[in-house]
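Participant: Chain by chain, the residues run as shown.
Protein chains: 2
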Amino acid sequence: MNYRISANVIRRLPRYLRRLLWLEKQQVEKVSSRELGTLMGLTASQIRQDFNCFGGFGQQGYGYNVRQLKAGISDVLGVGDTLTAVVIGAGNLGRALMSNFHFDECGFRLAAAFDTSPALIGAEINGVKVLDAAELGPYLASHRVDVAVLTLTKKYAPESAKLAAEHGVRGIWNFTSIDLDVDLGDTIIEDVHLSDSLLNLGYYLRGRGDQRGRQIGG
Amino acid sequence: MNYRISANVIRRLPRYLRRLLWLEKQQVEKVSSRELGTLMGLTASQIRQDFNCFGGFGQQGYGYNVRQLKAGISDVLGVGDTLTAVVIGAGNLGRALMSNFHFDECGFRLAAAFDTSPALIGAEINGVKVLDAAELGPYLASHRVDVAVLTLTKKYAPESAKLAAEHGVRGIWNFTSIDLDVDLGDTIIEDVHLSDSLLNLGYYLRGRGDQRGRQIGG
Chain A
42 MNYRISANVI RRLPRYLRRL LWLEKQQVEK VSSRELGTLM GLTASQIRQD
92 FNCFGGFGQQ GYGYNVRQLK AGISDVLGVG DTLTAVVIGA GNLGRALMSN
142 FHFDECGFRL AAAFDTSPAL IGAEINGVKV LDAAELGPYL ASHRVDVAVL
192 TLTKKYAPES AKLAAEHGVR GIWNFTSIDL DVDLGDTIIE DVHLSDSLLN
242 LGYYLRGRGD QRGRQIGG
Chain G
42 MNYRISANVI RRLPRYLRRL LWLEKQQVEK VSSRELGTLM GLTASQIRQD
92 FNCFGGFGQQ GYGYNVRQLK AGISDVLGVG DTLTAVVIGA GNLGRALMSN
142 FHFDECGFRL AAAFDTSPAL IGAEINGVKV LDAAELGPYL ASHRVDVAVL
192 TLTKKYAPES AKLAAEHGVR GIWNFTSIDL DVDLGDTIIE DVHLSDSLLN
242 LGYYLRGRGD QRGRQIGG
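From first to last, the protein sequence lines stand for chains A and G. Using this note's numbering, the first residue of the first sequence is number 42, and each one after it goes up by one. Using this note's numbering, the first residue of the second sequence is number 42, and each one after it goes up by one.
The hints are simulated quantities; they were obtained by calculation from the structure and are not laboratory data. Note that the coordinates shown come from a computational prediction; the quantities given were computed from them, not determined experimentally. Fair warning: there could be bad hints in the mix.
[Claimed, not checked] Dumping the calculated DMTMM-like pairs for lysine to aspartate or glutamate here, alpha-carbon to alpha-carbon at most 25 Å:
id : chain 1 : residue 1 : chain 2 : residue 2
1  : G       : K111      : A       : D220
2  : G       : K66       : A       : D222
3  : G       : K111      : A       : D237
4  : G       : K196      : A       : D145
5  : A       : K170      : A       : D122
6  : G       : K111      : A       : D222
7  : G       : K196      : A       : D187
8  : G       : K195      : A       : D237
9  : G       : K71       : A       : E200
10 : A       : K111      : G       : D222
11 : A       : K66       : G       : D220
12 : G       : K71       : A       : D173
13 : A       : K196      : A       : D237
14 : A       : K195      : G       : E165
15 : G       : K196      : A       : E65
16 : A       : K66       : G       : E200
17 : G       : K66       : A       : E200
18 : A       : K196      : G       : E146
19 : A       : K203      : A       : D173
20 : A       : K66       : G       : D222
21 : A       : K196      : G       : E65
22 : G       : K71       : A       : D222
[Unchecked claim] A few chain G positions that, by computed beta-carbon distances, are all more than 12 Å from chain A:
id : residue
23 : K71
24 : S73
25 : G148
26 : S158
27 : E176
28 : G248
[What the hints assert, rightly or not] Computed beta-carbon distance windows for the label pairs:
id : chain 1 : residue 1 : chain 2 : residue 2 : range
29 : G       : E165      : A       : Q87       : 26 to 36 Å
30 : G       : K195      : A       : T84       : 28 to 38 Å
31 : G       : Q109      : A       : K196      : 25 to 35 Å
32 : A       : G99       : G       : I219      : 27 to 37 Å
33 : A       : A175      : G       : N93       : 45 to 55 Å
34 : G       : N167      : A       : R185      : 29 to 39 Å
35 : G       : E65       : A       : Y103      : 49 to 59 Å
36 : A       : R185      : G       : D145      : 36 to 46 Å
By construction, the Cβ of each residue, glycine as well, lies at the ideal position given by its N, Cα and C atoms.
Looking at chain A on its own, in the form it has when it is part of the complex (with noise of 0.2 Å):
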């Protein structure tokens, strides 16, 4: 898989991925690129070819097994390649995540959370210690973490992006909305913006469009 693969390929996996564990749930063993078109709103054609971006996946006569079309693009995205994260903010969206979150089911495995309230430092929620914020670049100078979720107010958000990009980090999952305009080096920045699906649902219930919302294949 050494093929330099369009952004907008690898962003409708996880999409894809969801909607074959809806399929299996439904007892769904075979599934054509028509029929996994229609239920995401996609041509046939465009699965096609998203597919052949990793060699398939081995359509035979009749459409594709949907569990090993499960396991091969759970195998693209690396689901079974287990990286670190922790999360710095324990405020509420903060706990949230670590709370409600499945970040096993996404291959992550989620080792300590930071923050700088004395009522939250020492705390255990879900398994999982909320630490000093203080001593978080000691932390990430001694332990292994892929990714650093922020979680913490906009105004820290900077700083704590890029001591985590100082010890290693190299990815960030940026709630905070703000463009983290620091130099954070190779790091990968995943933004959040929800207001981005509230103002999409906002278009389709003003009325301006004759189509439903819901992200197809959502």
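Given chain A's structure and the hints, the job is docking chain G onto it.
Facilitator: This is chain G only, laid out in the frame that chain A set:
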């Protein structure tokens, strides 16, 4: 704007809007489709095609006027036309949205939140009251609510969505990551799948791609 515009075009509008706000902050007054494309990982021709769905937003000579383009896209998204939302479930995630999410910037007013916890009922968070979840039905019957934000336990999500839809709520912003496969009539569902975002980041961290994971234009 009575054409049937593709859902993918609509989904790009919030991204354009964010990028234009960013350009405005950099005090950029004019931007060409090519420059905007480079910033957002799109081709100039795709951008022109997108904008032509809405009459083109008046590109003249060299590029678009940033302020006018931003106003035009805000207008299409209807940000100036305020809709009403309620949060169902004032746990960590609900409270995080109440405290930090700018509903107003998306053209929404958050009117109330609902929870079953006696410790939360009656509390006011960022100016919004938490009401008893038992009052949800009567509240919806006597107040116009456009969107229910589902931040409650998965288990109760379908019945809450159904109750909301039965009381005329036309949109569901669903954070529960379950398929709301109950009959919700014409209610529009917008699902938030945070796992898609982390899976995407993981792909790049695992060295499967040579491109940045950052949502370009994000």
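Participant: Indicate, hint by hint, whether the structure satisfies it.
Facilitator: Right, here's what the structure says about each hint:
| no. | hint | in the structure |
| --- | --- | --- |
| 1 | G:K111 x A:D220 | holds, 18 Å |
| 2 | G:K66 x A:D222 | holds, 13 Å |
| 3 | G:K111 x A:D237 | holds, 15 Å |
| 4 | G:K196 x A:D145 | holds, 21 Å |
| 5 | A:K170 x A:D122 | holds, 23 Å |
| 6 | G:K111 x A:D222 | holds, 22 Å |
| 7 | G:K196 x A:D187 | violated, 32 Å |
| 8 | G:K195 x A:D237 | holds, 23 Å |
| 9 | G:K71 x A:E200 | violated, 32 Å |
| 10 | A:K111 x G:D222 | holds, 22 Å |
| 11 | A:K66 x G:D220 | holds, 12 Å |
| 12 | G:K71 x A:D173 | violated, 46 Å |
| 13 | A:K196 x A:D237 | holds, 22 Å |
| 14 | A:K195 x G:E165 | holds, 23 Å |
| 15 | G:K196 x A:E65 | holds, 21 Å |
| 16 | A:K66 x G:E200 | holds, 21 Å |
| 17 | G:K66 x A:E200 | holds, 21 Å |
| 18 | A:K196 x G:E146 | holds, 19 Å |
| 19 | A:K203 x A:D173 | holds, 18 Å |
| 20 | A:K66 x G:D222 | holds, 13 Å |
| 21 | A:K196 x G:E65 | holds, 21 Å |
| 22 | G:K71 x A:D222 | holds, 22 Å |
| 23 | K71 | holds, 21 Å |
| 24 | S73 | holds, 21 Å |
| 25 | G148 | violated, 5 Å |
| 26 | S158 | holds, 14 Å |
| 27 | E176 | holds, 23 Å |
| 28 | G248 | violated, 9 Å |
| 29 | G:E165 x A:Q87: 26 to 36 Å | violated, 48 Å |
| 30 | G:K195 x A:T84: 28 to 38 Å | holds, 32 Å |
| 31 | G:Q109 x A:K196: 25 to 35 Å | holds, 32 Å |
| 32 | A:G99 x G:I219: 27 to 37 Å | holds, 30 Å |
| 33 | A:A175 x G:N93: 45 to 55 Å | holds, 54 Å |
| 34 | G:N167 x A:R185: 29 to 39 Å | holds, 38 Å |
| 35 | G:E65 x A:Y103: 49 to 59 Å | holds, 53 Å |
| 36 | A:R185 x G:D145: 36 to 46 Å | holds, 41 Å |
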